[in-house]
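J.: Starting from the structure of chain V, add chain Y where the hints point.
Protein sequence lines correspond, in order, to chains V and Y. Each step along the first sequence adds one to the number in the numbering used here, with nothing skipped, and position 86 is 86. Each step along the second sequence adds one to the number in the numbering used here, with nothing skipped, and position 84 is 1084.
Honestly, I wouldn't trust all of these hints.
[Claimed, not checked] Derived DMTMM-like pairs: lysine to aspartate or glutamate, alpha-carbon spacing no greater than 25 angstroms straight-line:
1. Lys1218(Y) / Asp276(V)
2. Lys1218(Y) / Asp218(V)
3. Lys219(V) / Asp1270(Y)
4. Lys34(V) / Asp218(V)
5. Lys1154(Y) / Asp218(V)
6. Lys1215(Y) / Asp57(V)
7. Lys1029(Y) / Asp1270(Y)
8. Lys219(V) / Glu1222(Y)
9. Lys1029(Y) / Asp57(V)
10. Lys219(V) / Asp57(V)
11. Lys1215(Y) / Asp71(V)
12. Lys1029(Y) / Asp1016(Y)
13. Lys1215(Y) / Asp79(V)
14. Lys1218(Y) / Asp57(V)
15. Lys1154(Y) / Asp1073(Y)
16. Lys1154(Y) / Asp1060(Y)
17. Lys219(V) / Glu1211(Y)
18. Lys219(V) / Asp1060(Y)
19. Lys1218(Y) / Asp1073(Y)
20. Lys1218(Y) / Asp79(V)
[Said to hold, decoys possible] Covered, in the sense of this in silico footprint (three residues per stretch, anywhere, with C-beta under 8 angstroms from a C-beta of chain V), are these stretches of chain Y:
21. 1191-1202
22. 1251-1257
It is worth saying that the hints were derived from the structure and are not from the lab. Even for Gly, the Cβ is constructed at its ideal location relative to N, Cα and C.
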Amino acid sequence: MSTVMAASGAGSAGHAPPAAHRRAWAVLAAEWIKLRSLRSMLVTPLLGAIACVGLADLAVRHHATGWPHLDAVQRAQFDPLAINFNFVTLGILLFGVLGALVVTNEYGSGVIRTTLAATPQRGLVLAAKAVLVGPGSFALAMVIIFGAFFTGQGILSGAHAPHLSLSDHHVLVHLLGMAGYMAAAGLLGLFTGVLVRSAAVAVTSMFGLLLVLPLMADKITPNALTRHTVPYLPMNLGDRMLRPIQGLSPGVAVAGLAAWVLVLAAAAAFSLRGRDA
Amino acid sequence: MNAQAGTVPRRGTSLDSRLRATARSEWIKFRSVRSSPLALVAAALIVVVGAWLLGVGNRDSAAASPDSGAAFDPVFTVFQAIELAQLFIAALGVTTVTGEYASGLIRGTFLATPQRAQVLAIKALVFTVAVWACCTAMSYQAFFLGQAALSPAKHAGIGDPGVLTAVFGAGLYLTLIGLLGMFIGVLVRSTSAALISLFGLLVVLPIAFIEIPGKITKNLAEYLPDAGEQAFQLLHTGSYTLGPWQGLGVLAGYVAAAAVTAFALIVRRDA
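Bound conformation, chain V alone (with noise of 0.2 angstroms):
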């Protein structure tokens, strides 16, 4: 101890600087504490379970019995995959609006500047949070998709409709795809709360982005404006992991992905290095 306070020598009382990656694992720790004592890290999953998992089954019930009444262009035209995730949506939208809370909450409880005065490195602060928030909604994701297909499948096959199992052509894929897909949301809803630093401003930014605008997009008679910039939305890129879209190979669309969130994180580490708290 005594050596230490030498150590750290003519400063007055001051600690020694903790090594870079006790100061990793603290962080990490302090941000895991305020994640999962949130309210909605226990509200949104579950919301999102009921959309993609509950409402999914009772549409895909719907589908089942419709089955045997189907003429055979409908049968061709059936998709046991994305009659299965219909409401994947909602489930992608909840986890944006769950990245944003987990900043914004910060900011509106003023915790925030508990947290930048603990650990002035605030790129540091910034990517625990991402480290907490992306693989966990990887992992919750991947609960809700699996949970999503297993009974959706289950219900085509007790009704002898066209389904499928995890090793058919590109399945696994997809259901991964979706996966990465919930957690790449929740990142953007991560660095858009930490932007702009308002639950208010944040959520409804969460549901333009993610909901109203590929919707309001699709109504627009295709032109050389839209044909180039509406198969680049958030949602539209995730599209792509459930069903095939003209134009847009998986690789663009993974691609394109990545670039959303690193793009906001790059302005989002940006700005809170630069602003107040």
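T.: Then chain Y, alone, in the frame of chain V:
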């Protein structure tokens, strides 16, 4: 002097002057929160610029074959951006109330005016007047700009049957959405919870009802709050049977239900 002033019993303020003072303070709070003018500006930009973009973007389909021309609604086409702008007006309504709860200002408000029902009524009145004026102005601008953008193709004039109702109805629709947000804000007192439940009601539920096919959902879907969107449509397509005023009436019913609950709770709960 001071001691004397302390002992003189204060006269109770008259209802009239109290309401006027409350209105003044609610107006100050409404306009001085940085986000309220911003939300209105954002909504106006989306509605007006969106009307122009939608007009230009749909010029081709408006000029297309006479068949699709008959099913083409020049008013709703340019007003679709309202579906995005409503999020901002809804958020404005929510934060008008929840912002006060978050900052603790609501305790000062209720201390100054213990007649809580009057505070809420005046708050709603100030909000209605300000938002209705802005939204009606933006809907008129959006109409003329959007029709000008459509103009070589089929477009509507302000005197055409149903058009004035639609333009007026768009402003009313946005105002009612804002009021719904305000009363839900009183009910849940938290910005994020209020926004999630409101957006769920406005945007998510209609989609969920479409995705779950069936007779019950089809009949119920017509009576969700977004029935108010019938107000700014000339053609009432699909399974919808409500006209513009009935649609607005359904939305007003939701607002009234939320308002009754809000008035009942605000006098009872802590702040």
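J.: If a hint holds in the structure, say so; if it does not, say that too.
T.: Status of the hints after comparison with the structure:
| no. | hint | in the structure |
| --- | --- | --- |
| 1 | Lys1218(Y) / Asp276(V) | violated (50 angstroms) |
| 2 | Lys1218(Y) / Asp218(V) | holds (22 angstroms) |
| 3 | Lys219(V) / Asp1270(Y) | violated (46 angstroms) |
| 4 | Lys34(V) / Asp218(V) | violated (39 angstroms) |
| 5 | Lys1154(Y) / Asp218(V) | holds (21 angstroms) |
| 6 | Lys1215(Y) / Asp57(V) | holds (17 angstroms) |
| 7 | Lys1029(Y) / Asp1270(Y) | holds (21 angstroms) |
| 8 | Lys219(V) / Glu1222(Y) | holds (21 angstroms) |
| 9 | Lys1029(Y) / Asp57(V) | violated (47 angstroms) |
| 10 | Lys219(V) / Asp57(V) | violated (28 angstroms) |
| 11 | Lys1215(Y) / Asp71(V) | holds (21 angstroms) |
| 12 | Lys1029(Y) / Asp1016(Y) | holds (20 angstroms) |
| 13 | Lys1215(Y) / Asp79(V) | holds (23 angstroms) |
| 14 | Lys1218(Y) / Asp57(V) | holds (18 angstroms) |
| 15 | Lys1154(Y) / Asp1073(Y) | holds (9 angstroms) |
| 16 | Lys1154(Y) / Asp1060(Y) | holds (10 angstroms) |
| 17 | Lys219(V) / Glu1211(Y) | holds (18 angstroms) |
| 18 | Lys219(V) / Asp1060(Y) | holds (13 angstroms) |
| 19 | Lys1218(Y) / Asp1073(Y) | holds (23 angstroms) |
| 20 | Lys1218(Y) / Asp79(V) | holds (23 angstroms) |
| 21 | 1191-1202 | holds (count 5) |
| 22 | 1251-1257 | violated (count 0) |
Of the numbered hints stated above, those contradicted by the structure are hints 1, 3, 4, 9, 10, 22, listed in ascending order.
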